[in-house]
Amino acid sequence: METDTTQQQVQESIDSADLVVSILAEFDSDSIAKVYESLRGLPGSLRIAVMENDQRESPAPATSEAAEKRASAETAQKNAAVFHVSSPSTKPEGSTARVPRTSAAYQSVFAMAEKLQARGCCIVASKLETITPGWIWQLAQPLLEGEADLVLPRYARRKFEGLLNNGIIAPLMRALYGKRVNNPMGPDCAISQRLIQTMLESMASRNDNRRHPLASLTSTALCENLQVTEVHFGARIYPPADWTGMSSVLADILSPVFLDMERNAACWQRTRVSAAVRAIGEPRNVAEDTAVPDTRRMIESLQLGNRELQEIWGLVLPPSTLFDLRKLAVLPVEQFRMSDELWVRIVYDFALAHRLRTISRDHLLRSMTPLYLGWVASYAHDLKVSGAASPEQRLERLSLAYEASKSYLVSRWRWPDRFNP
Amino acid sequence: MWQQAKQALVDATARFLSRLASLLPGLVALVLALLVSVLLAWILARIVKRLLTSLRFDERLGQWGFASLAEWSPRNSPTILISRSLAGLVIVGGFLIGVAAFDFEWSYLFVESIFVYVPNVLAAFLVLLGGNIIARFLARSVLIGAVNLNLQYARFLSIGVKWLVIVLAVAMALEHLRIAPGTVQLAFGILFGGIVLSLALAVGLGSKEFVTKSLELDAKKVSTDPRATKLVEEDPLRHL
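Going down the list, the protein sequences come from chains H and F.
The letter at position 274 of the first sequence is residue 274 when you use the numbering used here, and the numbering goes up by one with no holes.
The letter at position 55 of the second sequence is residue 55 when you use the numbering used here, and the numbering goes up by one with no holes.
Heads up, none of these hints are tricks.
Partial pick of chain H residues on the chain F-facing surface, computed with a CB cut under 7 Å:
hint, residue
1, 238
2, 301
3, 304
From chain H, some residues computed to sit far from chain F (all C-beta separations above 10 Å):
hint, residue
4, 34
5, 223
6, 224
For lysine to aspartate or glutamate, the following DMTMM-like pairs were computed, each having C-alpha atoms within a straight-line distance of at most 20 Å:
hint, chain 1, residue 1, chain 2, residue 2
7, H, 327, H, 382
8, F, 162, H, 311
9, H, 327, H, 341
10, F, 162, H, 362
11, H, 127, H, 30
12, H, 384, H, 288
Hints in this document: simulated from the structure, not taken from any laboratory.
Only a predicted model underlies this, so the values are computations on that prediction, with no experimental measurement involved.
Every residue, glycine too, gets a C-beta built ideally from N, C-alpha and C.
Using the sequences plus the hints, can you model the full thing?
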């Protein structure tokens, strides 16, 4: 009770800050105390407001030792330039889905940064395998020095991690907006005041509650010709694959991406070639997994989908793609390979069907799951072969296929009825 | 005697002719109403057909999940089905107007009973339409969900759900139409119960192995057995 009153008094006395740091990742109290300490050790006379994850469903119980450390950190705040602020309540009523919750959290960070007239905000939404004291500063530095409007992470990656990002989101964004951004949806990122204002204005003018800030950040920055920078980090700790909820994950993630693609159609149709973005730091090496993924069940999923979902895929995919999928479904497991061109056309056709509302958008994206699993199986087979290309080379080839097929997307986007191969 | 018979015959002929004469305006009105309604129906059908063709209604209907409507339609075109149905309604309306032109009590009663029944027909039609939409939506949801869970009997499950909803909608529509309510209730109970039982048996028997595996996996997750944790950790794929 006493702590609450103190916090309220501290919050009331804060009317401005240089930087808002939001911790959305589910850190334990020790890690949070370390974040406070590292922030207090930053150079210069910065005023930093820290928002913790108030929307965490079940906060980890603090041990007595951790609680002591936390208390000492809070006591120290009074004389330091690091303040704790509570996030404004933006949680949608009755919402339990992961993506709306994340969206609300990002929006509350933007609102707080705007309220405190901060020069930018820094969002920490994932855990890294090795946390160095200065990693938050690495994100925020280019922002505060005026060199960037959006700072995104470039995590050291293992070949089977971040597959949804590597297989769809990153190469799609690269082909659409012409910048080679490795993790366009962060989730860790630093955002300048200018970009925050653009995002808030854009969301307010369109009164669009479905817009996910994380999906729109990179595209907005690139369409507004703002500076995007990447920072090399260590490996990120990814949540284990939830095979039963895969279709929900796909629908939750791809829906805002495709919606954003629809909004920015005028912007991305002008772009033809891609260029690298500025990267800070050196790439980190990580030990590769020795475990081999089981591709059999993923191929079975594609085969079942090919057998049972023809009536849905037939509304989305052109006959040539359906024919290729039929051929693919009868291949033996060891020969199973989905060509990059086929996969890219599938993604583009689903994006188009999402725009045209060919069928219910939720059904559409969920029906893409067997196709995505087919691509994952094919990707895993490619990397399993001895002497195969490295993940970077393999993903570069995929990204080039996305770029090469962009004319197909543009044609179908402009003339969906006339251009149907 | 002969005179009287002749008089009766003349009277009867006169009465018949006068009755026939009084019926003639009604008949003419009926023929006219039918002719006008046929003309109006033809014009309306042409307009609706053109409008729906320009909107690519047949194509869109397929996209909305009503592709099977084409099978029931003349020349596989729902546009023709709708335009002809509207034309039929206009002709029936014209016929009822024509019948009402007869100045008889039975004609009033006939037309009135038809109009009293119209709301029931409309309600039944709406129930059938709504049921059909819901059935198709649920069938598609179940099909996609079951395929994503790698269930081999996904199609069977989806068809079962679709027919459950359609049977329910048909029973409700027949209830609105007041057609053999007792028989409908009994038939519905038997059909609905039959479908549920067959689905339960099929899914129960078919997914015995799947349920066993799920329960085993859950038990392993709950237990502190380090091998169980290793099983999850061994999968190197990370999607998010």
